[in-house]
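Colleague: One letter stands for each residue in the lines below.
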Amino acid sequence: MLSLRNLQLAYPSPDGEPPARVLDVPTWAVAAGEQVALVGASGSGKTTLLNVIAGIVTPDAGEVRLDDTDIARLDEARRDRFRAAHIGYVFQSIHLLPAFTALENVALGMKFADNRAGKAHALDLLAKVGLRERARYFPRQLSAGQQQRVGIARALANRPKLALADEPTSALDARNRDAVLDLMQKLCAEIGAALIVVTHDEAVARRFPTTLRLSDINRVN
Amino acid sequence: MQTLTVIYRNLRQRWLSTCLTALSIALGVALATAITALRQQAQASFANVAASYELVVGAKGSPLQLVLNTVFHLDAPVGNIPYAYYRKLKADDRVAYAVPLALGDNYRGFRLVGTEPEYFSLVKLKDGQPVAVAQGRPFAADYEAVVGSLVAREAKLGLGQTFVARHGVEDTVAAEEHEDAPFTVVGVLRETGTPLDRVIFISLGSVDEIHHDNARAGQQSQSLLDQLNALGAEPETPAKPDAQDDDRGHRHGRGHSHKPPSAAPPEAPTAPPASPAQPAAPAREIAEVTAVIVKLRSPGYLFLMQREINKGKDAQAALPGVEVQKLFAIVGTVDRALLLVSLLVVAVAAASVLVAIYNSLAERRREIAVLRALGARRRTIFAWLLWEAAATAALGGLVGVLLGHALLATAGTTLKFLSGLPLSPWTWTRLEVGPGWLTGYVPFEAAVVFGTLLLGAAMGLAPAALAYRTNVARYLSE
Ligand SMILES: Nc1ncnc2c1ncn2[C@@H]1O[C@H](COP(=O)(O)OP(=O)(O)O)[C@@H](O)[C@H]1O
Ligand SMILES: [Mg+2]
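First to last, the sequence lines map onto chains A and B.
Quick note on numbering: our numbering labels position 188 of the first sequence as 188, and the sequence is numbered without any gaps.
Quick note on numbering: our numbering labels position 431 of the second sequence as 1431, and the sequence is numbered without any gaps.
I should point out that these hints are in silico values taken from the structure, not numbers from a laboratory.
As the structure is a computational prediction, the values presented were derived from the model and not from experiment.
Virtual Cβ for every residue (Gly too), placed ideally from N, Cα, C.
Take these hints with a grain of salt, some might be off.
As the list claims (entries may be wrong) - Reference listing, derived: stretches of chain B covered by chain A, where coverage requires no fewer than 3 residues with Cβ under 8 Å from a Cβ of chain A:
#1 1306-1316
#2 1363-1373
#3 1470-1476
In isolation and in its complexed conformation, chain B is listed as follows:
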């Protein structure tokens, strides 16, 4: 008879206690697994997307916010820069391409972003391919729209469909439909697995049009840290597409075209200015853009160019890769706190392994005495109890790891900030602490299961020692 069978039988005999103990360990492990895997995958996804953009230029303010807004289509825009600034960048010899972006309104929570059609051919994604219109064609006129693949799917906007935008980058009850100006879908982008899948691209001129005779205050925008703090409350948010964007709108310009460099993000005007008093501009005269995506002819120009722009008073230049790193440095501290909590949960649960085995001893002394009388050695009994404790804990570890990935699968579909970034919940997680020979070859999950095994064995030591000392003659006659 295999020792494994013996362990299994003994655990099954006390299945309720075994399950409860394992479950309590599983909860802690699941938390730790989900947190670690989520951060790693989110970071990889963000870095992946950021790598497609060399430099983004926008209004002075938080560079992280500029990157989040321009590259990830999250957060409120920092502000606007003059259209002329974009022209100047485009004309610069060192610039390979410069693509303008102007943040418009939304349709059912999907952002409308004004740009030039060259976005679809010039910007190359991580796979080396351009963004590319998969169905139909790029927009050629105002009130034509090219939608991301997810928008086409979720908002049911196929070729030829029309829709009317709502004010603000977000779809709220307060947001009103524009009375006229329906957009027509003329193209659908390929599935990119990036936030672009959630964007509706329109011409710069259409963005301007939207704001001609509207000047309306939106809601206050949230800072990034507010968003991080809000992550904990995330599951309450319904996962319907309409609610995908964070609850922040933008303010329509009120007379002045751009804010001073030090202005706080919530005050940022995001649309070209249009004073209510002013008459509608007759032509498509574009005064401002929200940001410009810039690619340089040589990477050698990068830091020079960034310094140059940042020295000037009109704009700032941010490196998306660097900003994503900064973002995850912030995320990392939150993450470590949560990890500590989950470790505490596991520690408490581990103590329950000790208690469970210890309690079982009372009724098992006689069985142990019988085993000894059958010829079992002390150390065999000792080892069995150790294995029992270890197996209970490792079972918890295994279930916890699976549960953690299941949590991740759920998180991928409910967490707003991950929308448009594909998570692969059922892949290995990297082990981050430990010597190189370990982290290089052993995934987090394997290390955790092995760790719980050791922890369980350690918890089994004391009860196993008691079992080791069982007085055979005494318990045989009970």
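In isolation and in its complexed conformation, chain A is listed as follows:
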């Protein structure tokens, strides 16, 4: 389902130094519905890799194929639309929008994908993450664990083929961490979405059936 080929990315360096190479991935594939933990040290390029897969960062070369679509070759507007419809993104620092309620944060995820499933669907998702009663709360009124559960509901609102999670539990304590990971795994399995979680935390990695080192697929480092 997801396949990367000959992916190259370097960030330009200040003052004439050669560009800093971050990604060089000859090949990597994730099957539909597969759940993978990708472990790497801080600064090893985990976030960059997820951003490339999500079409937020364009690689210098290579293919990022999701089923039949090479995201790296879409123009920006199409990439945005593709991301809205097919990729769910759970962020490291949670990133709920403070001006919107839990329900509206989920609804916003749907809006960009032209998902007309409506409020009932969003409420349903919140129920699945155990926050049906907190639907009208604003992020500041929710705990970190609750906020990340809203983040998960938002990422999965459009039934994406692929869910990406960037250190989703780094802001949480151990108990919340396990609950959030279990929830994410359960919901992705339910909708058949593949799940890639990147982390530097072995405790997170241990909870996944498949664990890879970033260095296993990335030739930089």
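With chain A's structure known, arrange chain B with the ligands on it following the hints.
Modeller: Using the frame of chain A, we list chain B with the ligands on its own:
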């Protein structure tokens, strides 16, 4: 989720900045709205009243002042004309009716005006109906009075009540009560919505009587331009009926009956002459009147008659409609200056929209990056910010328009020169600038709100462009 909800949420998130920005726009818009609506309504009201009077004849001097004094019961009289002149007008074949007016003193700021009872039946107001005594009867003798509806209400002068007049057309501390000669109210006029509501009508003979043994200097009268300049200071004036008239009295005649044509208004004697040395006239011999309201048998005579009178040395004839137009040409220049000021206020306020949105960007870059990561397109973010700016400004426009009309409602009850002229503060204002297809269908208020919307959107362009260029990857990791 509706885009409108998104805009609302984002504005609410920064409600203080939104409110302050909108308020600053509202102030400018309120000023512009109040000024425009006030001038339009005042002009319509004045023109409406003026239309009931075809021609007014009075002493030589400023025709505008003559009209203001005779028709609107404002300002000091220009002077007096001989009673015989009135008789001559009345006898003229071309004249349908001629009604004399003689300015008397005041009772609690309401002017006493001497006239003939036929005023109430002959003069037809804009509604086609005569002035008409609604309660009681017209005065039939000296020291009987017919009061305007507002006088009856505010001075509590019902039928059968008596009152004693004070000197001058205005009620000042200096004004003394006449020691004797109380008037009795025998009639109350119908509510006309014109300055007549504020007038106390008495017989010509009573006016004469008042001045028999008094010769007293009043205060200097003010020119019209002084009054216009004083408008700005208007709110300080207490709104009680006693203070309704401008602070100008009139001089009681001092020996000579009428002034030369070129005499300045402040010098104008307004009451029939009565030298202190002279003994009181035994009979009701009326020597002078202040003005004569004339209606001609055919409108064809109008300009001929006016020319004829103006050529003579005894009097001038003025067309109230024309004088009101002149008045508002003067008002218009003051008005335009104020409008310019309010436009400047709006312009400065509009810049604050830009600043507000720009400042909010610093803390919103991350939110914008998140939205983009969720699949929002650049141009969606751009449009949202534009709408935010536009909505903030339009909110200011809307509040401003309402505030402007609220100001107008207040002005109607505090501005002296509008007393007796009803304002309708909650009606649409006419759009005066723009192409005909626009001004014909769109009221001022709608145009202003739409204008602020566009202005706000324009102010949102620069910050929206910055938001458009947000580096998603960078702000996501912050
Ligand atoms: N926008 C950027 N410009 C330049 N260098 C960057 C940028 N983003 C990340 N980097 C660099 O790329 C490397 C990988 O960063 P990142 O993908 O965030 O790593 P990780 O998520 O594994 O901590 C780091 O050395 C970082 O400094
Ligand atoms: Mg990272």
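Colleague: Work down the list of hints and note, for each, if the structure agrees.
Modeller: So, going through the hints one by one against the coordinates:
For the region 1306-1316 of chain B, the assignment as covered by chain A is violated, since 0 residues bring a beta-carbon within under 8 Å of that chain's beta-carbons and 3 are needed. Check result for the region 1363-1373 of chain B against chain A: holds, 6 residues qualifying (beta carbon to beta carbon below 8 Å, three or more required). Restraint check on the region 1470-1476 of chain B versus chain A: 3 residues with Cβ-Cβ distances below 8 Å, three needed, restraint holds.
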